[in-house]
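A.B. asks: Here is what each chain is made of, one letter per residue.
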Amino acid sequence: DTGVSQNPRHKITKRGQNVTFRCDPISEHNRLYWYRQTLGQGPEFLTYFQNEAQLEKSRLLSDRFSAERPKGSFSTLEIQRTEQGDSAMYLCASSSQGVYTFGSGTRLTVV
Amino acid sequence: QQQVKQSPQSLIVQKGGISIINCAYENTAFDYFPWYQQFPGKGPALLIAIRPDVSEKKEGRFTISFNKSAKQFSLHIMDSQPGDSATYFCAASIGGAGSYQLTFGKGTKLSVIP
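From first to last, the protein sequence lines stand for chains A and B.
Under the numbering used here, the first residue of the first sequence carries the number 94, and numbering increases by one thereafter.
Under the numbering used here, the first residue of the second sequence carries the number 46, and numbering increases by one thereafter.
Some clues are possibly wrong.
[What the hints assert, rightly or not] Okay, derived cross-link-like pairs now, SDA-like style, lysine to any residue, Cα gap no bigger than 25 Å in a straight line:
#, chain 1, residue 1, chain 2, residue 2
1, B, K87, A, T95
2, B, K87, A, L153
3, B, K87, A, D156
4, B, K113, A, K164
5, B, K87, A, E171
6, B, K113, A, E171
7, B, K151, A, K107
8, B, K102, A, G191
9, B, K151, A, L132
10, A, K150, B, N112
11, B, K103, A, G191
12, B, K103, A, Q190
13, B, K151, A, H103
14, A, K107, A, T131
15, B, K50, A, M182
16, B, K87, A, E161
17, B, K87, A, V203
18, B, K154, A, E171
19, B, K87, A, D179
20, A, K164, B, Q146
21, B, K87, A, Q190
22, B, K151, A, E137
23, B, K87, A, N100
24, A, K150, B, G140
25, B, K151, A, L153
26, B, K151, A, G178
27, B, K87, A, S197
28, B, K154, A, F167
29, B, K151, A, E176
30, B, K87, A, N123
31, A, K150, B, K103
32, B, K116, B, I158
33, B, K116, A, F138
[Unchecked claim] If you anchor each label on the Cβ, the simulated ranges turn out as follows:
#, chain 1, residue 1, chain 2, residue 2, range
34, B, S156, A, T106, 27 to 35 Å
35, A, T202, B, K87, 15 to 23 Å
36, A, L148, B, E104, 42 to 50 Å
37, A, E145, B, S156, 22 to 30 Å
38, A, T169, B, K154, 27 to 35 Å
The set of hints was computed from the structure by calculation and includes no laboratory data.
Every residue gets a Cβ at the ideal spot worked out from N, C-alpha and C, and that includes glycine.
Whole structure, please, built from the sequences with the hints as guidance.
C.D. replies: Encoded structure:
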């Protein structure tokens, strides 16, 4: 499968815990994006990388959120001190020639 | 402020019928308008996209109609099939297809009944 891979698919965590998600983009895509999708809403932009450089961050990305793409390949999104409001689907996408390919997402539930 | 407004929230269409989903935008700087299809448990997948210099684009059973003066665009699904049952999102971006940020509508849940 040469699509965008996200792990884990589901994560349940207790409030206050830290969580980390991983995204493996399509190998030849140099742009990588993170979006968040809550129930009944469209995806909302969080941040994006051009190769290993993080070039833009949404104001939705509070100080508790950090994203990395250390070698311009896979990316991680970490949420520290999770809150119930962080419960959502976290989508990763990569793009080439302007065409986005989304992964299936990581569904986070904070209890 | 919601920059892309989508309607209806849900839609039920009989098999073989036409499904129509509408979107309106506010930011005149938007210059790329894609539609995405999302099945449960999956990420959105690009369906069809249009630029504002074109009033209509057709790909198979899917057509985008674009009205620049009204700042509206719509998706028409002809001969709707049960396999089309999914959530559809319109989106918009600035900077063409190479933009880094898509602004999505809230989605329309389409159910096609046999």
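A.B. asks: Now, for every hint given, state plainly whether the structure supports it.
C.D. replies: Going down the list of hints, with the structure as the test:
1. The straight-line distance between the Cα atoms of B/K87 and A/T95 is roughly 15 Å, inside the 25 Å bound, and the hint therefore holds.
2. A C-alpha spacing of about 23 Å is found between B/K87 and A/L153, which places the hinted pair at or below 25 Å, so the restraint holds.
3. Annotation: proposed proximity of B/K87 to A/D156 is violated, straight-line Cα distance about 28 Å (limit 25 Å).
4. With a CA separation close to 42 Å, the supplied pair B/K113 and A/K164 exceeds the 25 Å bound.
5. At most 25 Å may separate the alpha-carbon atoms for a hinted pair to count; B/K87 and A/E171 meet this at roughly 21 Å.
6. With a CA separation close to 40 Å, the supplied pair B/K113 and A/E171 exceeds the 25 Å bound.
7. A threshold of 25 Å between alpha carbons decides the hint, and for B/K151 with A/K107 the separation of about 28 Å lies outside it, so the pair is violated.
8. Between B/K102 and A/G191, the direct Cα distance comes to roughly 18 Å. Compliance with the 25 Å bound is thereby established for this hinted pair.
9. Taking the CA atoms of B/K151 and A/L132, the gap is about 10 Å. The hint holds against a cut of 25 Å.
10. A hinted pair counts as satisfied when its Cα atoms are at most 25 Å apart, and A/K150 with B/N112 does not qualify at roughly 31 Å.
11. A distance of roughly 19 Å separates the Cα atoms of B/K103 and A/G191; the hinted pair therefore holds under the 25 Å criterion.
12. Among the hinted pairs, B/K103 with A/Q190 is consistent with the structure: their alpha-carbon atoms are about 20 Å apart, no more than 25 Å.
13. For the suggested pair B/K151 and A/H103, the alpha carbons sit about 23 Å apart, so the restraint of at most 25 Å is met.
14. At roughly 18 Å between alpha-carbon atoms, A/K107 and A/T131 fall within 25 Å of each other, so this suggested pair holds.
15. Proximity of B/K50 to A/M182 is assessed by CA-CA distance (about 21 Å); at most 25 Å being required, the pair is judged to hold.
16. Note on B/K87 and A/E161: the hinted pairing holds, with a Cα-Cα distance of about 23 Å set against a maximum of 25 Å.
17. Taken as a hint, the B/K87 and A/V203 pair is honoured in the structure, with Cα atoms around 21 Å apart against an allowance of 25 Å.
18. For the hint linking B/K154 to A/E171, the alpha-carbon distance of about 31 Å lies beyond 25 Å, and the restraint is violated.
19. Between B/K87 and A/D179 the alpha-carbon distance is near 19 Å, which keeps this suggested pair within the 25 Å criterion.
20. For a cut-off of 25 Å, the pair hint linking A/K164 to B/Q146 stands: about 22 Å separates their Cα positions.
21. Simply put, B/K87 and A/Q190 have alpha-carbon atoms about 22 Å apart, close enough for the 25 Å limit, and the pair holds.
22. For the hint linking B/K151 to A/E137, the alpha-carbon distance of about 10 Å falls within 25 Å, and the restraint holds.
23. Our distance criterion of 25 Å between C-alpha atoms is met by B/K87 and A/N100, whose separation comes to about 13 Å.
24. In summary, the hint linking A/K150 to B/G140 is supported, as the alpha carbons are separated by about 17 Å, within the 25 Å threshold.
25. Straight-line distance between C-alpha atoms of B/K151 and A/L153 comes to about 17 Å, which keeps the hinted pair within the 25 Å bound.
26. Of the pairs offered as hints, the one joining B/K151 and A/G178 holds, with about 18 Å between alpha carbons and a cut-off of 25 Å not exceeded.
27. Using a Cα cut-off of 25 Å, the hinted pair B/K87 and A/S197 holds, with the two alpha carbons roughly 4 Å apart.
28. With a CA separation close to 32 Å, the supplied pair B/K154 and A/F167 exceeds the 25 Å bound.
29. The hinted pair formed by B/K151 and A/E176 meets the criterion: a straight-line CA distance of about 23 Å does not exceed 25 Å.
30. Distance check on the hinted pair: B/K87 and A/N123 sit about 22 Å apart at the alpha-carbon level, within 25 Å; holds.
31. Between A/K150 and B/K103, the direct Cα distance comes to roughly 34 Å. Violation of the 25 Å bound is thereby established for this hinted pair.
32. Proximity of B/K116 to B/I158 is assessed by CA-CA distance (about 31 Å); at most 25 Å being required, the pair is judged violated.
33. With a CA separation close to 22 Å, the supplied pair B/K116 and A/F138 stays within the 25 Å bound.
34. Distance hint for B/S156 and A/T106: a CB-CB separation of about 33 Å, consistent with the stated range 27 to 35 Å.
35. Range check, A/T202 to B/K87: Cβ separation about 18 Å, and the 15 to 23 Å hint holds.
36. The hinted window of 42 to 50 Å between A/L148 and B/E104 is violated, with their beta carbons roughly 31 Å apart.
37. About 43 Å separates the C-beta atoms of A/E145 and B/S156, a value inconsistent with the hinted range of 22 to 30 Å.
38. The given range of 27 to 35 Å is respected by A/T169 and B/K154, whose C-beta atoms sit roughly 32 Å from each other.
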